[in-house]
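Participant: Respectively, the protein sequence lines represent chains A and B. As numbered in the numbering used here, residues 11 to 708 make up the first sequence, in order. As numbered in the numbering used here, residues 796 to 1132 make up the second sequence, in order.
Calculated from the structure, these hints are not laboratory results. Take these hints with a grain of salt, some might be off.
[To be verified] Think about it this way: if two alpha-carbon atoms lie no more than 27 Å apart in a straight line, the pair counts; the simulated DSS-like pairs of lysine-lysine are:
id, chain 1, residue 1, chain 2, residue 2
1, A, K656, A, K666
2, A, K665, B, K835
3, A, K195, A, K132
4, A, K132, B, K835
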Amino acid sequence: MNEAGAFSSRQALSRWLAPAVRLFGPQASSAARERRDMLVLLLVVGLVVAPHMEHLAWWANSVLALLLVWRVWLTLAQRPLPGRFVMLPLLLATAGAVYLQHRTLAGQEAGVTFLLMLMALKLLEMRARRDIFVVIFLSFFILLTQFLYSQDLPVAAITVTTVIALFFVLVGVNLDEVDLPAARKLKLVGITLAKSVPLAAALFVLFPRISGPLWGMQSDSGQSSTGLSNSMSPGSISRLLESDAVAFRVRFESRVPSNDQLYWRGPVFTHFNGRTWTPLSQRAFNAPAVTIEADPRSAIAYSVTLEAHKRDWLFALEMPAALPTLPQHQARFTADLQMLANGLITERIRYDMRSYTGYRMAVRATPEDLEAALSLPTGYNPRTRQFATELRARMLPGAADRGQPDAQLMRAALDHLRSGGYSYTMSPPPLGRNSVDEFLFDTRLGYCEHYASALVFLMRALEVPARVVTGYQGGELNPVDGFMTIRQADAHAWTEVWLVGQGWVRVDPTAVVAPLRIERGAVEIARQAGRELPALGGDVAWLRSLRYNWEALQNGWNQWVISYSQERQRALIERLGLAPSLENVALALALSVSVMLAWLAWVSMRPRTVRDPLGASFQLLRDRLEQAGVAAAVSCGPRELYVRTKRALIEEDVKKARRLLSRYERLRYGRASATATRNEIRALRRAIRAFRPRPNPL
Amino acid sequence: MSVTAHPLAVRLGQWIAGGRGPETGSVVLDRRRVYILPTKPGLVFGAAMLVLLIGSINYSLQLGYMLTFLVASMAVVGMHTTHANLAQIVLRGVRVEPVFAGDVAIFQITATNPTTVDRFALRFAFIDPAASTRWFSWRSRRASTTTAISTEIPARGDRTIGVPLTAPERGRLPAPRIVIETRFPFGLWRAWAYLTPALTAMVYPAPEIDAPPLPISGAGGGEGVGLAASGDDFAGVRPYTPGDPQKMIAWRLAARSDDLSVKQFEAQGGGDLMLDFESLPRHFDVEHKLSRLARWVLDAEAAHARYGLRLPSSMVFAGSGPRHREHCLTALALFHG
């Protein structure tokens, strides 16, 4: 076909279609960009998957890693993606494996595993652009499931990073032929994030919270990680002794008690079967079942922020006088004054407490009340029983008439521990059947459990009522925010001995053997033993201060974000002067969201044109000339415009236009432009307004 | 790549902007002209946010609330970004070159960005006039559009975009409605605007393929009537081509039009070629004849011959050059037989 050269509509077409072809066609540059975008997406998916790796089964981790590595290789090697006959068996196999592992696909852990697998498989069968959206939306779900395991500050930081990365990928997907440098895309996402923060914050604070789940949920994840347990066979604490995990945090309203008063009461063990200490049957009461005579001057008010430990224990400074109000549960006392909730603590809770460090407990206990605290299993620890008999014989002849023989017996027993060559260690040798005998007379090495267990056994052998109390001892005051942190490493066991006229008296045999443990805390002991708790920074001052700041930040996060609840929301509404009702929360939400949306609209819609009165004058002149028939295209500069006026206007107006254009040119580009006064620009604008060019009639 | 528009949205847009008809000059895409709705991924995104919220409520995940609200707020900000990516653009129909029937006409539109913000991924496409205009149907949920052309426009810059449209038949082809859309930056929202530029493409008859050679007078069967630039009788004017003597320019005409014309005088001459509609075989239909004539016009021009055109209702005197060829082809394009 012999078309004339100037006539090349097909060429023109291909020129104009080039961008579209480049985007979807087989051209190299586009393929390279697609490959690069795919690798970025895979990287982001890695970011989404990584936090889950620690709580997935090993095979799930391996499969995930294999799928992702396979996908990266396919991208780099530019191989085609596997077909349906590979993907379908893969999908069935992973679903089967998840089912075999968890016996369900819907539970929390099974669901998370399956969701991760689905995303990895989706990456292997991406056919269209919408598949990228699928992967990104799946990523949001997987991000959410992270929070079932932890909602700490680092998790939040990772989440925000991942959200930025996901939106970064979205920008890349929605750019057509002109790609942007990564920095520009990041900036765009960053600006979007910054603009969205006020709206998101308003929604977060004011979206009505309900207490309790919408439907039952399986909490099949996360084992209890407390330093305590509901039974004690000497040796069971050692494994967690060195955990720096936070048990709870305390904020004292008034004074901070001294370290030797910081006994946080937990499970109380009265029953002993020769090997293991267990609590009495847990009947709970709404008020202390025993009388407590408290010294009002020793009152201490404080609030406890208890980490989720998946037990029903509540902790309080000895001795709590009244039960706290819990957000979701009811608090109760056991007969031996342990505080319990009527359900497991599965999320961080906060409660206000009042305790008395000066108290007398159960002074008028009857022999029936104390019977359980005297019973000993037969056939265990004969040497200790023998020792008790000797001790009693040695003490009592002279002590009988002086009264309070029990107190003397107790002092004698403590004297024995102090002077008997006992020492404190966190890795004691294992004990056999007669654990108390072996500890008291052979190994003489142990920690709080061993001492508490031995003392209580000895006291009972001496016919003095006694029991083991476990809980936490000590705590670290953060000077930055004034919160005291009690860690799992602070787990402790001590004893209570019932003395006539004094009731249950706290006796801590560990304090006798290792005073440092009580004075300076478990962390210090660990340090002395050369076993630094890794994250705590030890003696290095700046590390310590860094840690204090970090912990204060974390605690603030927990207090204000993670523990945000219906109560806090209502309290906030109340502070705004509104009645704390759902209607008012909804009203405040609607109002503030409207304000934020209006602000966003205003920010986005305000004109982004530079204020340029000179340019506006030029535009006006151009419009006037155009009305008079001059072909005044946007791209015309003043000189070009003048040339175009020449034949289009009558001669007089050509001259006028020339004068105006040269004035504009001088003001805009001339040397005077820096000093061009506002008046000159204003005068030019007036002149242009008055100018009515007339077309050349010829 | 095809820009999609929901038929209902198209209808609504026609109703809102429809009164305007073809628009000349600069058209500013102000707030009233830019529409915005979620895309299909945007709707799925919204559903996903709802599920995230329910999950956060059920498991009482405060960080979940935070994630949900942050991501949803980013999508809301994205809506404004998408809208602002299209708003305030100034559009102006520039021109469209003539094409042959069956070829693609490129309607050139200048898009100016007067703001200080770069614009990305703006797609231009015609709403396909051939597609069904029923505004509700189960089968095709979308009014189809022609191939979209994507462009970016830097801050205070402009771009000329050629929007392609296949010219089905000869004659005038007025530009149908153009839809300008963008999904930048996140693809969750689609902002769009309509423009019907006042541009009309001249569509020449498609040149016949495998047509017989030119009917050279004397040699072939064609009967040529020559025309010359000088002679005795004034015969009309033809467009000016560089090289024409100045004394032949029709100045009085030039004053009235943009183009220069040259006076023509009739004379008998051997070299001129008259392409005659009537001389073509009678059994050809009109379009076939026009198609053959179009082919011969192109061939004659390629052979640097002087040629003219005789149609039943009009006549183009002999001449040569690109402008002359366009005159001839236009006469063929607009022929009413």
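Participant: Each hint needs a verdict: does it hold in this structure or not?
Facilitator: We went through each hint and held it up to the structure:
no. : hint              : result
1   : K656(A) - K666(A) : holds (11 Å)
2   : K665(A) - K835(B) : violated (59 Å)
3   : K195(A) - K132(A) : holds (25 Å)
4   : K132(A) - K835(B) : holds (19 Å)
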